[in-house]
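Quick mapping for you: the protein sequence lines, in order, are chains A and B. To convert, take the position in the first sequence, counting from 1, and add 3; that gives the working numbering. To convert, take the position in the second sequence, counting from 1, and add 3; that gives the working numbering.
Derived from the structure by calculation, the hints contain no laboratory data. The model shown is predicted, which means the values in this text are computed figures rather than measured ones. Fair warning: there could be bad hints in the mix.
It does not matter which identical chain is used: a pair holds within one copy or between any two.
[Stated by the list, open to error] Derived pair list, reagent style PhoX-like, types lysine-lysine, alpha-carbon separation capped at 20 Å: (1) K145 <-> K164; (2) K164 <-> K104; (3) K155 <-> K133; (4) K80 <-> K145; (5) K128 <-> K87; (6) K80 <-> K151; (7) K91 <-> K145; (8) K128 <-> K145; (9) K151 <-> K91; (10) K104 <-> K155; (11) K155 <-> K80; (12) K109 <-> K91; (13) K104 <-> K91; (14) K145 <-> K155; (15) K138 <-> K109.
Spelled out from the first residue to the last, the chains are:
Protein chains: 2
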Amino acid sequence: MSRVATLVLAGAGLLTSGSMTAPRFTTDNQMIVPEGYREWMFVGANYGMGYSDPSPGQVTAKPGTFHNIYIQREAYKAYARTGKFPDKTMLVMEVVEPATKESINKQGMFQGRYVGIEVAVKDEKRFDGKWAYFKFFDSEGKLVPQAKAFPKEACWDCHNKNGAVDNVFVQFYPVLRAARSH
Amino acid sequence: MSRVATLVLAGAGLLTSGSMTAPRFTTDNQMIVPEGYREWMFVGANYGMGYSDPSPGQVTAKPGTFHNIYIQREAYKAYARTGKFPDKTMLVMEVVEPATKESINKQGMFQGRYVGIEVAVKDEKRFDGKWAYFKFFDSEGKLVPQAKAFPKEACWDCHNKNGAVDNVFVQFYPVLRAARSH
Chain A
4 MSRVATLVLA GAGLLTSGSM TAPRFTTDNQ MIVPEGYREW MFVGANYGMG
54 YSDPSPGQVT AKPGTFHNIY IQREAYKAYA RTGKFPDKTM LVMEVVEPAT
104 KESINKQGMF QGRYVGIEVA VKDEKRFDGK WAYFKFFDSE GKLVPQAKAF
154 PKEACWDCHN KNGAVDNVFV QFYPVLRAAR SH
Chain B
4 MSRVATLVLA GAGLLTSGSM TAPRFTTDNQ MIVPEGYREW MFVGANYGMG
54 YSDPSPGQVT AKPGTFHNIY IQREAYKAYA RTGKFPDKTM LVMEVVEPAT
104 KESINKQGMF QGRYVGIEVA VKDEKRFDGK WAYFKFFDSE GKLVPQAKAF
154 PKEACWDCHN KNGAVDNVFV QFYPVLRAAR SH
């Protein structure tokens, strides 16, 4: 291999490993909404999921929404290789309204309007308990450009107790399960 | 910027643009099952979708399954930039069984067992009509390592008539809609 080719290949490797998008924060510790996450690694979707009992006769959460979950590609690769989520891992959950009976669709649901995202962040130095949780849309579905972490009892406690691996609900994400044979 | 840095950056770009996974075929024109598609670009999911009227009282297709749809990252970027799907584009639809009431889940559905994939392929020289459609699992959900294209009336006709862009159901995939403001 020529010297130029060696340089090029090494360079590509460095660029890749150095490019994991890190979470960004304001000086008062609010998280800034991440961008470009739809180009990250998709790990699973779900519909109408809830952790409390439904009302009698109710099958899905109201209103039932899709969630698409993404993780940085580098964090995915580290997890697939080691079983551990590296520091600065982000899991983005995008909420999407269901749609039906448009075009030729006559049954079931496809993904309609985007509502907004919630994000889990691992930052070992910044957060007591390593992980924190943020929501970037308000009750009207309007984008919130920066957000304070939820109090621990709102998200962290349940993720810590019930997440299969390191606060992450690996058990609900088929791509992560397949990566480590969970 | 130093000469070395310039070389490195140019090399990284070349490597990226040259790496689009191409469809592979046997000598008798069967398609070989693609690999690595879970690391491609995710463009949308759906649940229980069907194009025919449901039976009375039935809301979703039976059995209701999730579909996750992926496209090569390079094909996505070309589409986002130009509105056209390049030759050798593949759209992989992965079928996933729903699961519920495991772990702390009490309502709605997450994605359980993988069933298999169906694939749409654009190959302008190989296929009359540019696109062809393949299924890589049998009626028992067993992997089929290579497959013949479906006859035109089984998939192509409907995709050609109803796909919003070039045989592709862009209207059902939020990431593709968002990329071109559909």
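How do K145 and K155 come out at 20 Å by Cα distance, when the copy is not named: within, between, both, or neither? neither (24 Å within a copy, 44 Å between copies)
Intra- versus inter-copy proximity for K80 and K155 (alpha-carbon distance at most 20 Å): neither (28 Å within a copy, 39 Å between copies)
Measure nothing new, just compare the shortest in-copy and cross-copy C-alpha distances for K91 and K145 to 20 Å and report within, between, both or neither. neither (26 Å within a copy, 38 Å between copies)
Between K80 and K151, at a C-alpha cutoff of 20 Å, which is it: within one copy, between copies, both, or neither? neither (29 Å within a copy, 33 Å between copies)
Classify it for me, K164 with K104: is the Cα-Cα distance of at most 20 Å met within a copy, between copies, both or neither? The answer is between: 17 Å across copies meets 20 Å, while 40 Å in one copy does not.
Between the shortest in-copy and the shortest cross-copy C-alpha distance, which are at most 20 Å for K80 and K145: within, between, both, or neither? neither (33 Å within a copy, 27 Å between copies)
Up to 20 Å CA-CA - K164 versus K145, copy category: Intra 31 Å, inter 36 Å, cutoff 20 Å: neither.
If the cut is 20 Å between Cα atoms, do K128 and K145 qualify within a copy, between copies, both or neither? neither (31 Å within a copy, 47 Å between copies)
Indicate which option fits the pair K138, K109 if close means a Cα-Cα distance not exceeding 20 Å: within, between, both or neither. neither (33 Å within a copy, 22 Å between copies)
How do K128 and K87 come out at 20 Å by Cα distance, when the copy is not named: within, between, both, or neither? Within one copy only: 17 Å inside a chain, 45 Å across chains, cut-off 20 Å.
Check K151 against K91 for me: Cα-Cα at most 20 Å, and say if that holds within a copy, between copies, both or neither. within (17 Å within a copy, 45 Å between copies)
Can you tell me if K155 and K133 fall within 20 Å by alpha carbon in one copy, between copies, both or neither? within (11 Å within a copy, 54 Å between copies)
When the structure is compared with the earlier hints, violations turn up for hints 1, 4, 6, 7, 8, 10, 11, 12, 13, 14, 15 and for no others.
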